[in-house]
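Asker: Note that the protein sequences, when read in sequence, are chains A, B and C. Per my numbering, residue 71 is the first one in the first sequence, and the count goes up by one each step. Per my numbering, residue 87 is the first one in the second sequence, and the count goes up by one each step. Per my numbering, residue -16 is the first one in the third sequence, and the count goes up by one each step.
DSS-like, lysine-lysine: derived pairs with alpha carbons at most 30 Å apart:
#1 A:K98 - B:K322
#2 A:K84 - B:K95
#3 B:K103 - A:K98
#4 B:K295 - B:K103
#5 B:K95 - C:K193
#6 B:K282 - A:K98
#7 B:K285 - C:K193
#8 B:K282 - A:K84
Which stretches of chain B does chain C cover? Using the computed rule of at least three CB atoms under 8 Å from a CB of chain C, they are:
#9 127 to 139
#10 163 to 169
#11 178 to 190
Footprint (simulated), chain B over chain C, 3 or more residues, beta carbon under 8 Å:
#12 48 to 59
#13 74 to 88
Just so you know, the hints here were simulated from the structure itself, not pulled from any lab data. C-beta: ideal position from N, C-alpha, C; glycine also.
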Amino acid sequence: MGKIRGAIVVDTAKCKGCSLCVEACPTKVIELSREVNAKGFHFAYMAQPQECTGCTNCATVCPDSCITVYRLKP
Amino acid sequence: MLEINDIIKPENLVYGKTPVLTDSVMHYCPGCSHGVVHKILAQVIEEMGIQEQTIGVAPVGCAVFAYNYIDIDWHEAAHGRAPAVATGIKRLLPEKMVFTYQGDGDLAAIGTAETIHACNRGENIVIIFINNGIYGMTGGQMAPTTIEGMPASTCPFGRTPERDGYPLKMSEILATLPGTCYVTRQAVHTAAHVRKTKKALVKAFENQKMRKGTSIVEVVSTCSSGWKMTPVNANKWMVDNMFPFYKLGDLKNE
Amino acid sequence: MGEDIKLMKGNEAIAEAAIRIGVDGYFGYPITPQSEVMETLMAKQPWDTTGMVVLQAESEIASINMLYGGGGCGKKVMTSSSSPGISLMQEGLTYLAGAEVPCLVVNVVRGGPGLGTIQPAQSDYFQAVKGGGHGDYSLIVLAPASVQEMADHVKLGFDLAFKYRNPVMILSDGVIGQMMEKVVLPSAKSRWTEEEIKELNPWATLGKPKTRERNVITSLKLQSDEMEEHNHKLQAKYQRMKEEEVLFEEFNCADAQYLIVAYGSSSRVCQKTVEIARDKGIKLGLLRPITLFPFPSDRIYELAQQVKGILSVEMSAGQMVEDVRLSVNGKVPVYHYGRLGGMVPSPSEVLKAVDEKLIGG
Chain A
71 MGKIRGAIVV DTAKCKGCSL CVEACPTKVI ELSREVNAKG FHFAYMAQPQ ECTGCTNCAT
131 VCPDSCITVY RLKP
Chain B
87 MLEINDIIKP ENLVYGKTPV LTDSVMHYCP GCSHGVVHKI LAQVIEEMGI QEQTIGVAPV
147 GCAVFAYNYI DIDWHEAAHG RAPAVATGIK RLLPEKMVFT YQGDGDLAAI GTAETIHACN
207 RGENIVIIFI NNGIYGMTGG QMAPTTIEGM PASTCPFGRT PERDGYPLKM SEILATLPGT
267 CYVTRQAVHT AAHVRKTKKA LVKAFENQKM RKGTSIVEVV STCSSGWKMT PVNANKWMVD
327 NMFPFYKLGD LKNE
Chain C
-16 MGEDIKLMKG NEAIAEAAIR IGVDGYFGYP ITPQSEVMET LMAKQPWDTT GMVVLQAESE
44 IASINMLYGG GGCGKKVMTS SSSPGISLMQ EGLTYLAGAE VPCLVVNVVR GGPGLGTIQP
104 AQSDYFQAVK GGGHGDYSLI VLAPASVQEM ADHVKLGFDL AFKYRNPVMI LSDGVIGQMM
164 EKVVLPSAKS RWTEEEIKEL NPWATLGKPK TRERNVITSL KLQSDEMEEH NHKLQAKYQR
224 MKEEEVLFEE FNCADAQYLI VAYGSSSRVC QKTVEIARDK GIKLGLLRPI TLFPFPSDRI
284 YELAQQVKGI LSVEMSAGQM VEDVRLSVNG KVPVYHYGRL GGMVPSPSEV LKAVDEKLIG
344 G
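Same shape as in the complex, but just chain A (with noise of 0.2 Å):
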């Protein structure tokens, strides 16, 4: 288990389900959730949230905008 470097904050109400975050994080740590969304969608979550290094790769891939990073200063 790695130490909590980065966490995401997605807003899951205008999230699409894409999964582009999901193929973009280097360390898996996003999956698609098994609840929709108001709109039918399955959206991103942290899965798998001690491995977030707060990279920002799944924001910046993220269509709609609706991922935050945060990430704690060295």
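Given the coordinates of chain A, work out where chains B and C should sit on it, guided by the hints.
Answerer: Frame of chain A, contents of chains B and C only:
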């Protein structure tokens, strides 16, 4: 032990939505490249501090509603006419920053003349060219940039040059014109490529500030709905099939 | 600079007036018989004096869309062309009307259909006053009958275009465009500053300050209810034009028993016809619409109560005659007389038509 909530604090924010992007939920399909390009365009406008002097020209195509998402003044142009509209704006407001945002049907088919002549006059504008090889908004018809063999609803068995003509490399044509100063082809399927495309946009707007002529940023993009693939598979298909024909990189940088 | 009397062509008068009244931009494409408009502007180099931009575009399609861009920024922009070129502009014109962008379009009409002839005609009346492109919209249409009016209608056109946020067309023809007459040019006015534009045209896209919502120049309303509401707004505007902006001129109508309705160069011919008729004791009058949209229907209806018949004289197969008939609403017979394909009727042949159709008819 550190909790997630100890990290999610304003002082630790490293990536958030730029205020130049509105809060409207985009109408694009899941995974659509338009959303990514809109986002980095808005970021560039914010970071360059040009929100109050930028005027965008939206196309006809899926990005027809771009004006709902980026918080600047806009013109919504007729299909293909965005470079002429931008010419009118820029000639009369030379101190403003003017860009067009166009798809392949808009820029490379119905608006070929407007595109080529705006570039040939060296209009001091930025042209953002989304090339996904298909007409998204009207439901997946063949585009001028549809590659050979690629199916679309009006060439269901794949583009056949003998019948449909050849895919058009518009950026290569525009790079030959003396009026263009910067012609680059980028993509937004990985974080690294998104960052590169954003840098290209910054360069394009800087060129405009320096009155260097027309800058064209082509973004080879996906249309997962039109291509009938998942967004992830569409990216893979683009890498395997589009990139060999539409090679990424600068075609001109003066 | 005060009054300045010069002898010049109608097309040149358009260009001279445009510079003087502070037009910001002209975008055009050459076509006979109006190329002198852009040629005069280019020779005058107004960018060095008033700052006016003059640009030769790659097509009429591009020209009209440059107007969409410049007009949307609240600038005074104009183009000129002739019939085949105006046909190409119809796409842009319907967008300009739908998005409520003011601009001035000069049509120096030539004979059609198709490539037709370069000789003068009035066969673009329907296209000008009935919309021209797709959708429910109207242009304000001015019909100059002299070189003086060519100059005057530039200012009038822009006043109306900005008052109503609507495209205005000057519907001229090859006669008015090419003939030389004495003209008093308007006094010089400077172009609007950006501050003035912000004040006068708060809808203009000059860049979005934090103090207002973004301005969007668009004709797109995907929701039917919104599109219907927008259409109602446009229709109300056209109705207001009909109530407030009708312009016409009358010659010998007070005691007229017979009436000619004619505009532009035809009205010049018909004025002579009226003079000849009056010498012969025929009580003939002439009504000359100056605005073709809005059309002087009310006045024509009034005159229909007094005259025995009306002749619409046009260099077309009969287009304005339909609006005259609608105005008269069956009260008296309405006839058409016209020459086609670039032929200009003579006063005596119009008088012959009056005699045969109106008096004898």
